[in-house]
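Offset between the sequence shown (1-based) and my numbering: plus 7.
Because the hints were derived from the structure by calculation, they are not lab data. Treat the hints loosely; a few may be bogus.
List time: in silico SDA-like cross-link candidates among lysine to any residue, alpha-carbon distance up to 25 angstroms [claimed, not checked]:
1) Lys-13 - Gln-100
2) Lys-13 - Asp-33
3) Lys-70 - Asp-180
4) Lys-171 - Asn-184
5) Lys-70 - Thr-59
Computed spacing ranges between beta-carbons, pair by pair [unchecked claim]:
6) Ala-63 - Glu-17: 42 to 48 angstroms
7) Asp-174 - Pro-264: 30 to 36 angstroms
8) Asp-174 - Asp-33: 22 to 28 angstroms
9) Asp-189 - Val-53: 43 to 49 angstroms
10) Val-257 - Thr-221: 40 to 46 angstroms
Where a beta carbon is used, it is the ideal one built from N, C-alpha and C, also for glycine.
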Amino acid sequence: MLDSTKVLTEEQVRYYRENGFVQIDDMLSAEEVEELRGYLEETMAVQNGRSTQTAASGDLYYKVLNQRVNTWRDHGGMARFVLSRRLADAAKQLSGARGVRLFHDHALLKMPQDSKPTPWHQDLPYWPMNEPGALSIWIALDDVDEHNGCLMMVPKSQKIKNLKSIDLVNPEDIFSNDGAKDVDRNTAAVVRMKAGSCSFHDGLTFHYAHANETDNPRRALAIVYMPDGTTYSGANHVCTDGLGFRKGDVLTGGLFPRLA
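Make the full structure from the sequences, and use the hints.
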């Protein structure tokens with residue numbers, strides 16, 4: 008049941024805190040994966056809903072990611088997974104936070120044929136948060152490897168702070184930043200996974216996704232969690248714009264519920 012919890016091992020927690028990411032196999036059952044695939048397909052077909060489609064078919068960004076943010080706001084089935092205690096509690100165990108809130112979910116599809124890699128980047132520079140500590144779960148809904156868009160992660164890169172966001176359409180080399188010159192891309196781990204398995208990564212962990220060279224979409228659901236008490240930086244973001252937050256306000260309320 009999605010409202011049950013999964014106790015992670017001491018080794019998994021230690022590995023995450025040391026390296027900034029961890030892979031956890033079989034987070035979802037085969038039945039849950041099939042259920043979630045159906046909900047995702049229905050949600051991606053919604054027109055004029057409350058979720059946000061970040062690019063249209065044919066756009067350059069779409070070739071990198073067919074992405075929809077806050078799918079849980081359009082589909083109760085998606086909400087069952089996005090708001091689930093099992094996933095959020097795992098994020099809480101790994102982060103050591105006293106509690107975790109949802110920031111947003113996003114469906115991440117790499118479409119077949121003219122797919123592009125997702126360049127090396129950190130996530131936190133895109134999020135309007137003053138404090139570090141936010142993390143993502145990345146759930147594979149298809150088996151993933153280097154041929155259809157699996158992730159790569161650089162161990163210990165979560166220690167690198169104060170870098171700017173990377174343009175995902177016009178790739179910049181994050182490793183050329185002065186603050187990242189001690190980060191060795193050659194240490195990157197290739198995160199191959201079976202459907203239903205997942206990885207968690209810190210918002211500062213350097214990561215990359217391969218292009219999809221197959222004839223089928225590569226489907227994943229990512230959920231961003233933030234430590235309870237995280238405050239708003241004042242930066243623009245699709246999930247906070249228009250909600251009346253002032254710089255320094257705690258990110259809270261119905262769109263950012265505490266889940267664990």
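Consistency of the hints with the structure:
1. Only pairs whose Cα atoms come within 25 angstroms are accepted, and Lys-13 paired with Gln-100 is accepted, the gap being roughly 10 angstroms.
2. As the CA atoms of Lys-13 and Asp-33 are separated by approximately 11 angstroms, the hinted pair is consistent with the 25 angstroms bound.
3. A threshold of 25 angstroms between alpha carbons decides the hint, and for Lys-70 with Asp-180 the separation of about 19 angstroms falls inside it, so the pair holds.
4. Among the hinted pairs, Lys-171 with Asn-184 is consistent with the structure: their alpha-carbon atoms are about 9 angstroms apart, no more than 25 angstroms.
5. For a cut-off of 25 angstroms, the pair hint linking Lys-70 to Thr-59 stands: about 17 angstroms separates their Cα positions.
6. At about 46 angstroms, the beta-carbon gap between Ala-63 and Glu-17 stays in the expected band of 42 to 48 angstroms.
7. Against the hinted window of 30 to 36 angstroms, the Cβ-Cβ separation of Asp-174 and Pro-264 comes to about 32 angstroms, which satisfies the hint.
8. Roughly 36 angstroms separates the CB atoms of Asp-174 and Asp-33, a value that falls outside the hinted 22 to 28 angstroms.
9. Roughly 45 angstroms separates the CB atoms of Asp-189 and Val-53, a value that falls within the hinted 43 to 49 angstroms.
10. Our hint of 40 to 46 angstroms for Val-257 and Thr-221 holds, since their Cβ atoms are close to 43 angstroms apart.
This entry does not satisfy hint 8, going by the numbered hints stated previously; all others are met.
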